[in-house]
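**Student:** Produce the complete structure using the sequences and hints provided.
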Amino acid sequence: MTILDHRAPNTAAQPPIRRVLAVRELPILLILAAIIIATGIAQPRFFSASSLRSILLWIPLLTVVAMGQMMVIITRGIDVSVGSMIGLSGMIVAMALRDYPGIGVAGGAVVGMGVGAALGTFNGLLVAALDIPPIVATLGTLGMYRGLVFIVSGGRQVYAYELPDSLQRLSISGPFAQQVVPWVVIVAVVAAVATYAFLGFARTGRNIYAVGGNPPAAALRGLPVRRVAFLAYLLTGTAAGLAGVLYCSRFPSVNPAEVGVGYELLVIAAVVIGGTSVFGGSGSVVGVFLGCLLLGTINVALSVLHIPDAWQKTIYGLIILIAVIVDDLVWRRLQHFGR
Amino acid sequence: MNNSADKSPLTSASGLWMDFGGVDVLKDAAIELRGGEIHGIVGENGAGKSTLARIIGGVHVPRAGVIRVDGRPVHIPSPRAAMAMGIALIHQEPLIFPELSVAENIFIGRQPTHRGAVDWRRMFSEAAAILASLGVHLSPRARVGGLSIADQQMVEMAAALSQQARVLLMDETTAALTPTEVERLFGIMRRLRDHGRALAFISHRLEEVFAICDRITVLRDGAVVGQLPTKETSIDQVLKLMVGRPMEAMFARDVKHKPGQVLLEVRKLSRRGRFQDVSFDVRAGEIVALAGLVGAGRTDVARAIFGVEPADGGQVLIDGRPVRIRSPRDAMAHGLALVPEDRQHHGLLMPLNVWQNATLPVIGRLCSFGWLRNGAARSATAQYVHRLGIRLRHLEQPVRKLSGGNQQKLVLSKWLLSRPRIMILDEPTRGIDVGAKAEVHRLIAELAAAGVGILMISSELPEVLAMSDRILVMREGRLTAQFARAEATAQRIIAAATGQVCTAGAP
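Line by line, the protein sequences are chains X and Y.
The numbering of the first sequence is our numbering, which starts it at 276 and goes up by one.
The numbering of the second sequence is our numbering, which starts it at 642 and goes up by one.
Derived coverage of chain X by chain Y (criterion: at least 3 residues anywhere in the stretch with Cβ under 8 Å from a Cβ of chain Y; other residues may be distant):
1. 472-479
2. 493-502
Partial list, computed: chain Y residues near chain X (C-beta under 10 Å):
3. R721
4. L730
5. L736
6. F738
7. E740
8. L741
9. I749
10. A758
11. V759
Note that these hints are calculated values from the structure, not bench results.
Note that the structure is a prediction, hence the values are computed from the model and not measured.
Think of the CB as a built atom: it goes at the ideal place given N, C-alpha and C, for glycine as much as any other residue.
**Tutor:** Here's what the structure looks like:
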């Protein structure tokens, strides 16, 4: 009994090949495999522990926020303020740990998620209570929260040496032998598993799909449409807050002009590449996780191939577009073939 | 059903009055829905059938009237409240969650849980039990978006029954079904009836109503004109009740002129799933009415001719020459104009002002070097505003502030500015008041007299009978009858539109 059963059920009595073809995440897996193989052929050094580690370090921040963003997009919304939410909560966490090191990493996480939850609440109220179109509301808060990053920090950055070592260690050491899997990856996995359980097994989680799938029907069936939308933004803010903590752990300094900037694009790209419908009503944790993995792999592949920085950005964007288009085409073909 | 007569009604409504935008759609309507009985609600388009069902189902709140459930007066402010009282409205277009499974569509928001987590196994088995009790063979795990409309309706009914619905209001639920699917639905309806539930069945198809219903309520112009046990009545009698209204004072059109040459000819026009093999012609100076029930495919034919949703088979000829119309732009280039039914969405740009709307189709003619000459546009509009008697404060007034009748006249003037040779009018007087109606009729007659060929889609029989030279009737995507003005009667048209063989004869 997995999530796949709920979304593409109907498959229990079908031959195995059709069951495989009916897996929504299949195309993106194929794309991912193609990129890994192509990069490996061009630069065999790509198949190394250090590449794997780079990828593993790159994706947690993205994955945590993408879990929230996916829920928002399933409800037919969008949250473009996530970059600034990561920035503001990251900045506040860094300052808190610098000025009050006694609170420890756990205290920092509470502060980060608390700040994120407050920012998400504000977004949620704008969208669910005031009926402001999500793109407008969160574009407004994108600017507003970024401004607050500068106001709160007075424009000064927090340096790594000012932060407790235990925070940095989250990105370096892990619970397993060889320390190949750092703690930040564990955090991301826990977030993904929690989202999986919530969306698959909580009534409220199921309501997110219903509200996004057919809003008028959801209202007629008596589902709390507004509360569900509000919750999606609240959870996204909280996730962005957690991502702010991960940011402080990973980067050498927390600079108000850099922290979280541009993450909204990455996060939305990961969610969409992961097969979440921008028309609402469908999306899966597994798909979005693969979307994050794909973006991380592309990122590391481009640097392993020594592609100049300006070109990297262009190619990166291009590959995102191609991935979305190919995913859709391949999926439709497979559906046709599977009939 | 044999003892239904002595049962008190599960739900009843009386003295219902309802209006939309000042037009009364229900006038003192009443109905009683008893357990163990299927109650048919019939009437022409716009007679108030759906409104009646929606009031009981909590979608609309009536202006006046009493609704009782188990004899107690109740207030039903929402579909949710209706459901709490055991009343469910089943729609023609099922309200489903396409991405979710059958089981979740039935149980959404009420899923069985085990320690707070949705118990999928139990939900699937409970859904299977409900579906089995309905006699429906559907996998509870199937994705609902992939099911046929008929199966989606079954899911909606299963959802209603899982919430202990005792009264089911079925609004045109057979309209999109195949005959086999209709039979299956009837089987389920009979089963529910025999288990003591009350069902209301709204349908345009009288043969269906007579096949399944125990009692029939006939509505005409929002009022109940008959409430009869099916056994004691006949299709002919019901038809007579449906149409038997006195002719309203209608614009008297002078029809002494002779139609000119054929302007528009349509040969075997088809669009898959919408209409098939539609052939007719329209001559200069002629008004041809296209009658039929809502959903018979009349608007689809109009949209196909005008290139909005092009046909996939057949031919359109203008002045005897075959033409290919793939967009409204092509159609306009051939002298066609379409006045759509839905003014709000297709006819006017609501936020723009009067002259901006009126001059849209001819904007090219009013431009110099790509720049609009506002003065010319205003004076061109002013001329028609005057001619059509459009009441407005000034030409800069946003059109959404105009009344329905004036909006409709503005839509007409917009197309008159483009000097069309053939006009297609889709329900030209729907939802406008009597005075404006007469003016629109006068205008249409003037256009015809000036040699414009007119194809008029109308669901209002008096309008069809008073205005047209010829009447075409469509039923379920096909042309089923054609009458000259002299041979047309309301009953014949209704009979052709509903698929009845008319034996009542001309009155």
